[in-house]
Amino acid sequence: MINNNHNAVTSNSQPEILVAEGLKKSYGPRRALKGLTFSLKAGRILGFLGPNGAGKTTSIRILTTMMEPEAGHFMIDGISSEYPEQIRRRIGVLPENLGFPRQMTGLEYLIYYGQLYGRTASEAKANALTLLEDVGLQQRGKSLIGSYSHGMRQRIGIARALVNDPVVVFLDEPTLGLDPRGQAELLELVQRIARERNTGVVLCSHLLSEIENVCDDVVILNLGQIVARGSVAEVVGRVQQNIILRNALRVQVPSESVAEARQVLEAMPNITGVMPVGELEGWLRMELVPPNDGDLATAHQLNNKILSALIKAKIPILGFEVEGGRLQDVFLHLTEESIK
Amino acid sequence: MSDIQTVQKVSVSKIKVSEKASPTWWLVFKREMADLWVGGKALNLMLIYSVVLGVMVYIYSFNSELSLIPPKEATYEMLKNAMSISLFIGLIIGADALSGERDRGTLESLLLTPTNRRQIMAGKFLAGLSQWPAAFLIALPFMKVLSQGDAVLGPAIFWGAVTGTMLAVGYTGVGMFVSFWSASNKTSYFISLGIYILFLVPAQLPGRAQTGAAGQFLQWVNPLAAVNHFLSKHLVNYRPFSEYWTWLESPVVFALLMVILLFFYAAPGLRIEAGRKSRLLAKLARPAAFLMIAGLIVASLVASPALAYQAKQTSGENLQISIDADVSEVKTGDTVEFNTTVTNGDAEASPPLIVAMNIINLDAKGDVVDPEDWSPQRTQYIESLAPGQSANLHWIINTILDGDSMVYMVLIPAPASKESTSQAIATSGIHLTVTPFTRLNPQGVLPYVIGAPVLLLAIIYFVYRRRNQQIDMGGSS
Chain A
1 MINNNHNAVT
11 SNSQPEILVA
21 EGLKKSYGPR
31 RALKGLTFSL
41 KAGRILGFLG
51 PNGAGKTTSI
61 RILTTMMEPE
71 AGHFMIDGIS
81 SEYPEQIRRR
91 IGVLPENLGF
101 PRQMTGLEYL
111 IYYGQLYGRT
121 ASEAKANALT
131 LLEDVGLQQR
141 GKSLIGSYSH
151 GMRQRIGIAR
161 ALVNDPVVVF
171 LDEPTLGLDP
181 RGQAELLELV
191 QRIARERNTG
201 VVLCSHLLSE
211 IENVCDDVVI
221 LNLGQIVARG
231 SVAEVVGRVQ
241 QNIILRNALR
251 VQVPSESVAE
261 ARQVLEAMPN
271 ITGVMPVGEL
281 EGWLRMELVP
291 PNDGDLATAH
301 QLNNKILSAL
311 IKAKIPILGF
321 EVEGGRLQDV
331 FLHLTEESIK
Chain B
341 MSDIQTVQKV
351 SVSKIKVSEK
361 ASPTWWLVFK
371 REMADLWVGG
381 KALNLMLIYS
391 VVLGVMVYIY
401 SFNSELSLIP
411 PKEATYEMLK
421 NAMSISLFIG
431 LIIGADALSG
441 ERDRGTLESL
451 LLTPTNRRQI
461 MAGKFLAGLS
471 QWPAAFLIAL
481 PFMKVLSQGD
491 AVLGPAIFWG
501 AVTGTMLAVG
511 YTGVGMFVSF
521 WSASNKTSYF
531 ISLGIYILFL
541 VPAQLPGRAQ
551 TGAAGQFLQW
561 VNPLAAVNHF
571 LSKHLVNYRP
581 FSEYWTWLES
591 PVVFALLMVI
601 LLFFYAAPGL
611 RIEAGRKSRL
621 LAKLARPAAF
631 LMIAGLIVAS
641 LVASPALAYQ
651 AKQTSGENLQ
661 ISIDADVSEV
671 KTGDTVEFNT
681 TVTNGDAEAS
691 PPLIVAMNII
701 NLDAKGDVVD
711 PEDWSPQRTQ
721 YIESLAPGQS
731 ANLHWIINTI
741 LDGDSMVYMV
751 LIPAPASKES
761 TSQAIATSGI
771 HLTVTPFTRL
781 NPQGVLPYVI
791 GAPVLLLAII
801 YFVYRRRNQQ
811 IDMGGSS
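Listed in order, the protein sequences are those of chains A and B. For the first sequence, the numbering used here gives the first residue as 1, with consecutive numbering after it. For the second sequence, the numbering used here gives the first residue as 341, with consecutive numbering after it.
Simulated from the structure, these hints should not be mistaken for lab results. Predicted model, so just to flag it, every value in this text is computed and none were measured. Don't take every hint at face value.
Distance windows between CB atoms, simulated [what the hints assert, rightly or not]: (1) B:Y801 - A:T120: 31 to 37 Å; (2) A:G22 - B:V561: 31 to 37 Å; (3) B:G445 - A:A126: 54 to 60 Å; (4) B:T527 - A:P29: 25 to 31 Å; (5) A:Y83 - B:T505: 35 to 41 Å; (6) A:P29 - B:A501: 42 to 48 Å; (7) B:T527 - A:R30: 23 to 29 Å; (8) B:I388 - A:S209: 50 to 56 Å; (9) B:G445 - A:D179: 17 to 23 Å; (10) B:Q810 - A:Q14: 41 to 47 Å; (11) B:V593 - A:D179: 57 to 63 Å; (12) A:P29 - B:Y801: 36 to 42 Å; (13) B:V593 - A:R30: 41 to 47 Å; (14) A:A126 - B:L477: 48 to 54 Å.
Using N, Cα and C, we set each Cβ at its ideal position, and we do this for glycine too.
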């Protein structure tokens, strides 16, 4: 299981290796980006979030020099976006829907790209063997890529993105289509890349849980502009207050205790609408009456009172969740305007 | 967030470009070659190509046995068809070069490398060209067997190599240029096929349309038709290079134009999306392509048979023509040479004179003879003859059909005006008895017909076997 302990080993004293300022792009009358500004430090993983059409792919295309912005500029490793060839030497990219030459082996593929970055054949081969080991494909290096599973292809794609020892790696939906184990393994690999290589990683994903678990920082895009940015904890904390005051709690108890727990909770002040949660075994959802003063501390006190009441009634608590306390809630809250 | 000016540069041991590193175009070329030739696409196309040539040479051998096609013409036809098919292969390979990578999602990773776009284009272009020498090599034994020892083989190989290379550069370039502009492979193939057919159209026009002024121009402009015309005149009809070199202008211009378009227009703008990013150029490109195609279609219509030149005959007198041969017995494919003498018996200078050759099959049930097939000198022209002056004209005939034929010459004084006519004067005939030349027969060509595809199959088997030894054949895990 991947834990969000990455913050512990990365430091805010790291230099900023990617700085984007005021990036704008339009497709005809539609403004895809309305002034993207953010930065990334070495060794940190930045989650790039947004609903479909928010401007994620456009941002990645611009930052990887595949598209020119109409306004704004960015720097990677101190190199201005006016020098795309130099930028390309410093970045690694795993695009979404990346295709692979089916008739090449994994080893040949990495050697070829190593050479395209200016390595000699022997250097490229030595580097390719190391990368294959890093991504856990050392046993399949001489197999045709056409015979690889989807997960293996994603891993060889990441190895290719690392072939030039990049300063920043852009990963666009790297876990798309992978099973849970494959997702976990790949995210662990992403964390290792950032930690061991001191590489900045920009991770685009629709899976909010993976961003929450893996990323240090997050940028949430909506309708072409940033609606939240900062560390995951900062973003969640900043938005949480607005959500929590009008939202709900969920508590899980043994199924035989559901009726008793419901009685206890319904008897408490400031709680309304205690209901079982759909098909979920033992889960009860209750809505909180917002405190008159709107104070967050008062709301937190109420959480403690609920737990105390259940403990006092000797009802085992199997789970407890504040709606709005997760990145997913924050994301939905921030992007609901566009969804509406 | 920090200001952009304050970004520190972190030199985290990024790779340095090695001085010993191979140039990018070479890496891309090798990769593309492996993809084409080891991956199997080009080898499989070559196998089909060799089978098609084999079938053709077998048919020619049948015809040759029947003395229908002389060695020169059969060699030329083989070269022409080999070039047409291999150019199509080159066009298809070129058409796949960029849009195919777009479809397969592999172009982006190539463009994400710091490689120079021109070098990417160069590597792909050279790999796309590689099919031409291979196709030409495969065609050589077939040309040799059809030439039956005729001296045409040497010039055919030389001019085939020269003109074929020019056309291969142009056609592969067209394919790649279309591929550059196409978002999908399907579009690229479709447009390329259309262009290929468009180039073939002038060659399919009726004979008189091809010889009319517009038809001639259209053939001259069309690189494939121009090369075919040049080869036909030079190899089959003995016409000297100096007389027909202008027919090589359009293939040279075509090849140069495509190289310039590819390397100076397309390559710098190569990107994931189709075409260049300039909106103005993108807007202009479609109407320009439409106008070009429409122009070619209009030009084809202009060259219709209805507009072909039609001659009228008129007057002349006191002119004489004689011939220095009467009978000749030869084999099919042999050459017969003779002279005619034209004398002006008038007290005045003659008008411009035309001497035309006619060949008639004496067998009422035999095939009609087309003198153009038999001789490069169907007609010769004399500007004018002074009173009492004579002019000698030399003629060459390649005997094609066996049987009894009569060759005779006709002298025609050019009419003075549109309203006047002239009297044609005929010579006595040369009675040609042509017996069949049967060195080439279907059994004789069978080793070539079967051998080429079998050899290619052996090469394919060897390549696949060697490749399989290099790779681990394990399944996915």
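For this structure, which hints from the list above don't hold up? 2, 3, 6, 12 and 14
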